[in-house]
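> Next come the chains, spelled out residue by residue.
2 protein chains.
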Amino acid sequence: MENMNAIPNIPGTNKKRVVIAGAGFAGLKLTRKLLGKGFQIILLDKNNFHQFQPLLYQVATAGLEPSAISFPLRKVLQNAGDVHFRIAEIERVDAGANEVVTSIGRLKYDYFVLAMGAKTNFFGQKEMENNALSMKSASDAILIRNSILEHFEQALLETDPKKAEQYMNIAIVGGGPTGVELAGALAEMRKYIFPKEYPELDLSKMRIAIYEAAPRVLAALSERASASALKYLQKLGVEVHLKTRVEHHDGSCVRLSDGSSVSSKTLIWSAGVTANAVLGLPQEAYGRGGRILVDRQNRIRSHTNIFAIGDISLMETPKYPNGHPQVAQAALQQAKQLAKNLVKANSGEKEEDFEYRDKGSLATIGRNLAVADLPVGKIKGFAAWVLWSLVHLFTIMGVKNRMLIFLNWTWNYFTYDQSLRILLKPKHLSNESKLPEVKKELADS
Amino acid sequence: MENMNAIPNIPGTNKKRVVIAGAGFAGLKLTRKLLGKGFQIILLDKNNFHQFQPLLYQVATAGLEPSAISFPLRKVLQNAGDVHFRIAEIERVDAGANEVVTSIGRLKYDYFVLAMGAKTNFFGQKEMENNALSMKSASDAILIRNSILEHFEQALLETDPKKAEQYMNIAIVGGGPTGVELAGALAEMRKYIFPKEYPELDLSKMRIAIYEAAPRVLAALSERASASALKYLQKLGVEVHLKTRVEHHDGSCVRLSDGSSVSSKTLIWSAGVTANAVLGLPQEAYGRGGRILVDRQNRIRSHTNIFAIGDISLMETPKYPNGHPQVAQAALQQAKQLAKNLVKANSGEKEEDFEYRDKGSLATIGRNLAVADLPVGKIKGFAAWVLWSLVHLFTIMGVKNRMLIFLNWTWNYFTYDQSLRILLKPKHLSNESKLPEVKKELADS
Numbered sequence: 001m002e003n004m005n006a007i008p009n010i011p012g013t014n015k016k017r018v019v020i021a022g023a024g025f026a027g028l029k030l031t032r033k034l035l036g037k038g039f040q041i042i043l044l045d046k047n048n049f050h051q052f053q054p055l056l057y058q059v060a061t062a063g064l065e066p067s068a069i070s071f072p073l074r075k076v077l078q079n080a081g082d083v084h085f086r087i088a089e090i091e092r093v094d095a096g097a098n099e100v101v102t103s104i105g106r107l108k109y110d111y112f113v114l115a116m117g118a119k120t121n122f123f124g125q126k127e128m129e130n131n132a133l134s135m136k137s138a139s140d141a142i143l144i145r146n147s148i149l150e151h152f153e154q155a156l157l158e159t160d161p162k163k164a165e166q167y168m169n170i171a172i173v174g175g176g177p178t179g180v181e182l183a184g185a186l187a188e189m190r191k192y193i194f195p196k197e198y199p200e201l202d203l204s205k206m207r208i209a210i211y212e213a214a215p216r217v218l219a220a221l222s223e224r225a226s227a228s229a230l231k232y233l234q235k236l237g238v239e240v241h242l243k244t245r246v247e248h249h250d251g252s253c254v255r256l257s258d259g260s261s262v263s264s265k266t267l268i269w270s271a272g273v274t275a276n277a278v279l280g281l282p283q284e285a286y287g288r289g290g291r292i293l294v295d296r297q298n299r300i301r302s303h304t305n306i307f308a309i310g311d312i313s314l315m316e317t318p319k320y321p322n323g324h325p326q327v328a329q330a331a332l333q334q335a336k337q338l339a340k341n342l343v344k345a346n347s348g349e350k351e352e353d354f355e356y357r358d359k360g361s362l363a364t365i366g367r368n369l370a371v372a373d374l375p376v377g378k379i380k381g382f383a384a385w386v387l388w389s390l391v392h393l394f395t396i397m398g399v400k401n402r403m404l405i406f407l408n409w410t411w412n413y414f415t416y417d418q419s420l421r422i423l424l425k426p427k428h429l430s431n432e433s434k435l436p437e438v439k440k441e442l443a444d445s
Numbered sequence: 001m002e003n004m005n006a007i008p009n010i011p012g013t014n015k016k017r018v019v020i021a022g023a024g025f026a027g028l029k030l031t032r033k034l035l036g037k038g039f040q041i042i043l044l045d046k047n048n049f050h051q052f053q054p055l056l057y058q059v060a061t062a063g064l065e066p067s068a069i070s071f072p073l074r075k076v077l078q079n080a081g082d083v084h085f086r087i088a089e090i091e092r093v094d095a096g097a098n099e100v101v102t103s104i105g106r107l108k109y110d111y112f113v114l115a116m117g118a119k120t121n122f123f124g125q126k127e128m129e130n131n132a133l134s135m136k137s138a139s140d141a142i143l144i145r146n147s148i149l150e151h152f153e154q155a156l157l158e159t160d161p162k163k164a165e166q167y168m169n170i171a172i173v174g175g176g177p178t179g180v181e182l183a184g185a186l187a188e189m190r191k192y193i194f195p196k197e198y199p200e201l202d203l204s205k206m207r208i209a210i211y212e213a214a215p216r217v218l219a220a221l222s223e224r225a226s227a228s229a230l231k232y233l234q235k236l237g238v239e240v241h242l243k244t245r246v247e248h249h250d251g252s253c254v255r256l257s258d259g260s261s262v263s264s265k266t267l268i269w270s271a272g273v274t275a276n277a278v279l280g281l282p283q284e285a286y287g288r289g290g291r292i293l294v295d296r297q298n299r300i301r302s303h304t305n306i307f308a309i310g311d312i313s314l315m316e317t318p319k320y321p322n323g324h325p326q327v328a329q330a331a332l333q334q335a336k337q338l339a340k341n342l343v344k345a346n347s348g349e350k351e352e353d354f355e356y357r358d359k360g361s362l363a364t365i366g367r368n369l370a371v372a373d374l375p376v377g378k379i380k381g382f383a384a385w386v387l388w389s390l391v392h393l394f395t396i397m398g399v400k401n402r403m404l405i406f407l408n409w410t411w412n413y414f415t416y417d418q419s420l421r422i423l424l425k426p427k428h429l430s431n432e433s434k435l436p437e438v439k440k441e442l443a444d445s
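These protein sequence lines are chains A and B, in that order.
Going by this note's numbering, the first sequence opens with residue 1, and the numbers climb by one from there.
Going by this note's numbering, the second sequence opens with residue 1, and the numbers climb by one from there.
Bear in mind the hints are in silico, worked out from the structure with no lab data behind them.
Hints are supplied without guarantee of correctness; some may be wrong.
Pairs count within a copy or across copies, as identical chains cannot be separated in the list.
Computed cross-link-like contacts, DSSO-like style, restricted to lysine-lysine with a CA-CA straight-line distance of at most 30 Å [unchecked claim]:
no., residue 1, residue 2
1, K400, K75
2, K196, K16
3, K136, K400
4, K37, K196
5, K75, K136
6, K350, K205
7, K350, K378
8, K196, K336
9, K16, K319
10, K37, K163
11, K350, K243
12, K196, K378
13, K196, K340
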């Protein structure tokens, strides 16, 4: 039992220890489902909060604060019993020793669950990785928000209209839900907010464009939903370029696969994800997209006490031969099933196979404009938009956050003015050091 | 008129141009009072938002988000006419040319108003400046919040209780309103929140201490208010060390003027301010605390068309021979008077002298605990606390922000749990780069 304390201050116990890496939809749901079921749970995440990713685009477009969609894990787990949260990064699994090697030390486990999700996939384009903005975390979203606001301030200082346009234009790579929702929200800012706040700029020159390699936007949804979404985007004045790849961005100019190019400082990359990395598993453990291959109980191929759930996992089933979509629903369902199975395994019962139940897909393009593919049928427009709002409001955790988001949405809906356009830079990055120091002497004398 | 456009894209005009440096209480009030009065107004600030400083301590203690007390200037000035806001830092006044030199170029003025406020005064202690946390901006407040949360996470990893205490302890230099309000809020976190979220730590060992050089806290208030505040602080378990200076902090240990020392990673410096610096004025323009000496019309001594208002100014009057206190009330009143006087000066009327009207002082120490010195008398306890809450709620700008703050306060009051404990680090500072890169190859292959 001694080695159980390899991470200082986590008490040893006679209970079986489940170490869960990642507190996203999958990891946090699993943690909550296992509480009080006779395990010692250790939850690790690189952040001290859980984040409701579907609304990140509203953080990027100044509609919500990060705190409205982020949940401090210690608060979620208050008075939850034998559960220990630590901020840590997973470095390696030492499966032979039943230990996970982390940034804060080694940790013994009885069961280890990989739930670290996915990250932006730049498909090896290093230069894109350096110049483009990604959209996977609250920090990413704030960076996009700040970058757009800074570019608008910069545009005001340009006397050459062409250069001003370069600062105003926004190019979005990828026409999935993230790209579409972001483009729609930005188009509404261009329509309702920027004209009031930047009357000195010619906003008719501002271009918002989506570049999508596939022949349609929202390729994961039905053709009908795609067609409606395209119509809505065009209605909002978003340029949609299908069957078009972005090949190059040097920080000012975007070069496209058709040979043309567009002047734009801002390039937002939402063109795909790859599973987060972990060392120590054999090469054959991985499948498409860097995802970890699992059986119907979410167990990895090489070790019986290691599991993977959510976006990081790849379960090939007769119904989903290419694995489930990397969405919140699949992560939550797998977490619930795994919690049941761990309890069963612990008491020697037979584990159950996982089967994904697709509850439908939703995407919002703008005010009163959304599309939904539901098991009962396809809806669009205002009805889909109301449904989208309700689903997101009720899926998000915490009464206070629901109230805050509801208040924000209601306010924004009636005022046409989400108002969080604050350029808050971390202190050491501000210009404070550039201030003249001369008066210091005067002041001190 | 040509030179009027030295900053690109600000149109020339036949109106007299007022350049206002700083959008704090003084600068923003002046801007709003001058709207529609026949001037071209140019407002400059290093941030794109106005900030309600009195509630910064609640940002630092995770009770409010920065956005709840920050106001995007472009939003405040929507549809306001001939007013131009730019993010800029003032480098120098070229009074001979009637120009101000800024980080974004030169700018002609007819009237120039310095309203850049004050910053933390470390009294020349460089080492303190490097190791201590200050409390003058939203970035400062977030840095304090993050620093305390990080230290608690660190304390969890320590097996040596002495080292854990070093991470938990908090030393506050200065017993003014900022220090007192911060100490009270932290003491309430220790009582209501930390025990639920850090059950593994021995919080009885956490020390929160105020070090004040003067013989009493809240020295600007009445002796009676000081005595009540001291009692309240002690009731909350805050150590108050009067007539004690902090002489040294090496990042782990605080050395005091009485020769003793205290183990603490966190040192918050709220011991004084010095006026912000500006180059180009003659040495005799400055008075005590680096403040700019002004006459009864807030005009600086050397130039008839340059003014200073708010914390950066020093007006010595018979009633206030050492100048007015550096508080919001004085800044707002001076801004209103100067707006009137500029209109009068423009139409050849005689300007009026400024006279400060002290409306009273308030400070809150904790839940139901506050002190108030009012013209009508002194109050304390619950009544003062309610008054404090109402005054702050109604002084803050914007219906939405009032609603948000009211919602937050009500929530926190009844749940004893302000919940914004999210460690959101700017992206390039996160540990993301430490993640193993090996799977990238697998994913791309």
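> For every hint, state whether the structure bears it out.
Now for the hints, and whether the structure bears them out:
no.	hint	verdict
1	K400 x K75	both (13 Å within a copy, 26 Å between copies)
2	K196 x K16	between (60 Å within a copy, 24 Å between copies)
3	K136 x K400	both (24 Å within a copy, 29 Å between copies)
4	K37 x K196	between (56 Å within a copy, 21 Å between copies)
5	K75 x K136	both (23 Å within a copy, 28 Å between copies)
6	K350 x K205	neither (64 Å within a copy, 48 Å between copies)
7	K350 x K378	neither (39 Å within a copy, 73 Å between copies)
8	K196 x K336	between (48 Å within a copy, 26 Å between copies)
9	K16 x K319	neither (34 Å within a copy, 74 Å between copies)
10	K37 x K163	neither (61 Å within a copy, 34 Å between copies)
11	K350 x K243	neither (48 Å within a copy, 71 Å between copies)
12	K196 x K378	neither (37 Å within a copy, 46 Å between copies)
13	K196 x K340	between (54 Å within a copy, 28 Å between copies)
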